[in-house]
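Student: Input sequences plus hints: build the corresponding full structure.
If you read the protein sequences in the order shown, they are chains V and L. The first sequence begins at 1281 in my numbering and counts up one residue at a time. The second sequence begins at 5 in my numbering and counts up one residue at a time.
Worth flagging that the hints you see were computed from the coordinates, not collected in a lab. Here the structure is a predicted model, which is why all the values come from computation and not from measurement. You may find that some hints are simply not true.
[As the list claims (entries may be wrong)] Facing chain V, a subset of chain L residues (Cβ under 7 Å, in silico):
#, residue
1, Tyr53
2, Gly143
3, Asn151
[As the list claims (entries may be wrong)] Simulated crosslink set (DSSO-like; lysine-lysine; CA at most 27 Å straight-line):
#, chain 1, residue 1, chain 2, residue 2
4, V, Lys1292, L, Lys127
5, L, Lys205, L, Lys185
6, V, Lys1288, L, Lys165
Ideal Cβ positions, reconstructed from N, Cα and C, are used throughout, including at glycine.
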Amino acid sequence: MDIRKITKKIKKGKLLRVEYTKNKNRIDHIKITGDFFIYPEKAIYHIEQIILESNLNELECKLNQYINKNKIKLIGFKVSDLVDIFKATNNKPKVFNN
Amino acid sequence: MIRLLSDMEADAYTLMATDEAILTAITQKKAPATLRFYQWKPQAVSIGYFQSAKKEVNKNYLFENGIYLVRRITGGGAVFHDKELTYTFFIHKDHVSDNIVESYKIICGAIIKGLKTIGINAKFSPINDLLINNKKFSGNAQTRRDNIIMQHGTILLEVDKNKMFSALNVPIEKISDKKIKELKNRVTSLKEEEKVCSFDKVRAALLKGFEKFGKISKANLSKFEIQLKDQLLKKYMSKEWTYAR
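Tutor: So, in structure tokens, the structure goes:
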């Protein structure tokens, strides 16, 4: 099992902390925390679910679809900031802690 | 008309349960636009909706010092509440802005205008901070429910930075003493800036600022809001809510 813990301060934005575990190349647990804002707030659970159900190459598209369709507002980070975290850590060692 | 509630001095759970009760009442059209001022007794740390309590606060320090911990329904960062004035403002978005970032600017603009009447020159720093001399003395956070904006925020009257940075988890092992000092220097209070800082004086100034949204009249919480607040207390005191993320 891979455990990844990443903290990223978004330029002119907020702090994103992403913690996830991978099992057989699929993310099976994820928690996104930080001092950002999402409206409505409960959308965070849908965002995490989409990440669990998506491949990395389709993640940005699926997140954008959900956000646009449901008029979700992200303040302090963008979808691409979140996706970049997964792209940057995808090939890191099995236990990754920045 | 904006309803001005009596000032409240209460524990973290009561304060946050009251905010949510008022927000619910307004969304159900059982209460008008509302402004309230309050203080946190005992001292408390509030964390943002999306934050991890385990990561953001020093739980042992809080326990040893009798500091309460509460999760807010608003996003944003962890705040150490001590000698400050806290406000919550509830208003329909049509009176402010549909755009969230813009609405922070407009509501914080009212605070800036009010503070100016007592000689305090504050500056808005997007997304949600207010600065004096480029140092933060006010953080603000907003949620929206059924087109009603609820924005709460703090005005630091005095600050014990050692206590603040002991209560909040600064990853000390990762940053040097110099960086901790820099972090502390980015926070200030009205007292530190040598401004008059009584709760009542700042409160009166903010009232002038908030008048831009309408006439302000004193009123009380309704029976519905009081009952709802009492029910919501359970949620705010629960580990499930506090450690939800």
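Student: Run through the hints listed earlier and report the numbers of any the structure violates, in increasing order.
Tutor: 2, 3 and 5
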